[in-house]
Amino acid sequence: MTTLRRTMTISLALGLPLAFAGCGGSAPAESRSAAPAAQDSVTGGEATTSVTAEESADAQPAGMAPSSSEPSPMISGSGAGEEWDALLAAEADLGEAFETATVDCDVARDLRDQICDLSGRICAIADETPDPSTAERCRDGEARCDSARDRVDDRC
Amino acid sequence: MLRRLLPIVLLSLAALAGCAEDAAPADWMGEARAAHARADEALEREDRGAAREALEAFFEAEVPGRVAKEDARVVRQDVAFRLSRLALEAGEADAALRWADEGLNEGRGRDVFTANLLVARGRALEAKGEAVEAAAAYHDALRINDALLDALFEEDDAE
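Residue numbers (the working numbering), protein chains in the order written: chain E, 1176 to 1331; chain D, 295 to 453.
In isolation and in its complexed conformation, chain E is listed as follows (with noise of 0.2 angstroms):
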């Protein structure tokens, strides 16, 4: 489940952009809008899910909202117990899947490695020469090291 969602997420971060400047009779002003957006939807920015949230307050059907009047059924009709009761049924399962839902591991331990082996080469070069920005990149990139590998066991 995770996996296809951060799949999706990936393609709609590298995928819309390219898509909607190709596609969309958009200007080229609006496709660069929606490119770092989207980016930011890959690498933790704010911007992406901001908008989502004001977007679905925006879209929230009338109906749905808080009221004093009494709601009418949104399924009528012979058979509408059932159907309802389906739906409610499918959306428990949507919700359990998504509560047991993990971080994608291999993209996860990708990172961590990257990261580990950059440290090392780091601390090799600090190792071979007295530059004190150097070592103090060392010592910064064993932690971010260290850091990553106990994410990623923690989580994976």
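Check each hint, because a few of them may be wrong.
[Stated by the list, open to error] Taking beta-carbon pairs under 7 angstroms as the criterion, some of the chain D residues facing chain E (in silico):
1) F353
2) A425
3) L436
4) N439
To be clear, the hints were calculated from the coordinates, so they are not data collected in a lab. None of these values were measured; they are calculated from a predicted model. Cβ atoms here follow ideal geometry from the backbone N, Cα and C, with glycine treated the same way.
Model the placement of chain D on the given structure of chain E, informed by the hints.
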């Protein structure tokens, strides 16, 4: 990592190539795909010169005005990274560094494209004997990868 993303990039390129409404960006993306394919074919027959020519020709070509800036950046950075790697494999550290810097001059993002170019820059600098500068480039790449890992877990927490 890049291998994992490549099919997605190619799918996106294919989607663009098949889109007739706005031919210029689609054609340009198609040219990028074709350049990579020509380079692959050349490398299969161990003709590194032809591979580099194919990629260089694409990189030197003008980007259509309607291609979004960020889209142009990542596509050109991917080509520049490959050119830097080919140059380094040929023992041409100066050319490898030049291609890494050409790619980075397109702009920097917190993404694998920029991180790859920083690693390429570090390798080129190391080959030139400039180890301290190489360590700085590696560290910049490391920080991007660390941020990407953070983002991956934060995204999962948000779910």
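D/F353 as an interface hint toward chain E, with CB separation required under 7 angstroms: violated, 18 angstroms
Chain E contact restraint for D/N439 - C-beta distance below 7 angstroms: holds, 5 angstroms
Interface hint compliance - D/A425 to chain E, C-beta minimum distance less than 7 angstroms: holds, 5 angstroms
Interface hint for D/L436, Cβ within 7 angstroms of any Cβ on chain E: holds, 4 angstroms
Of the numbered hints given earlier, the model fails hint 1 alone.
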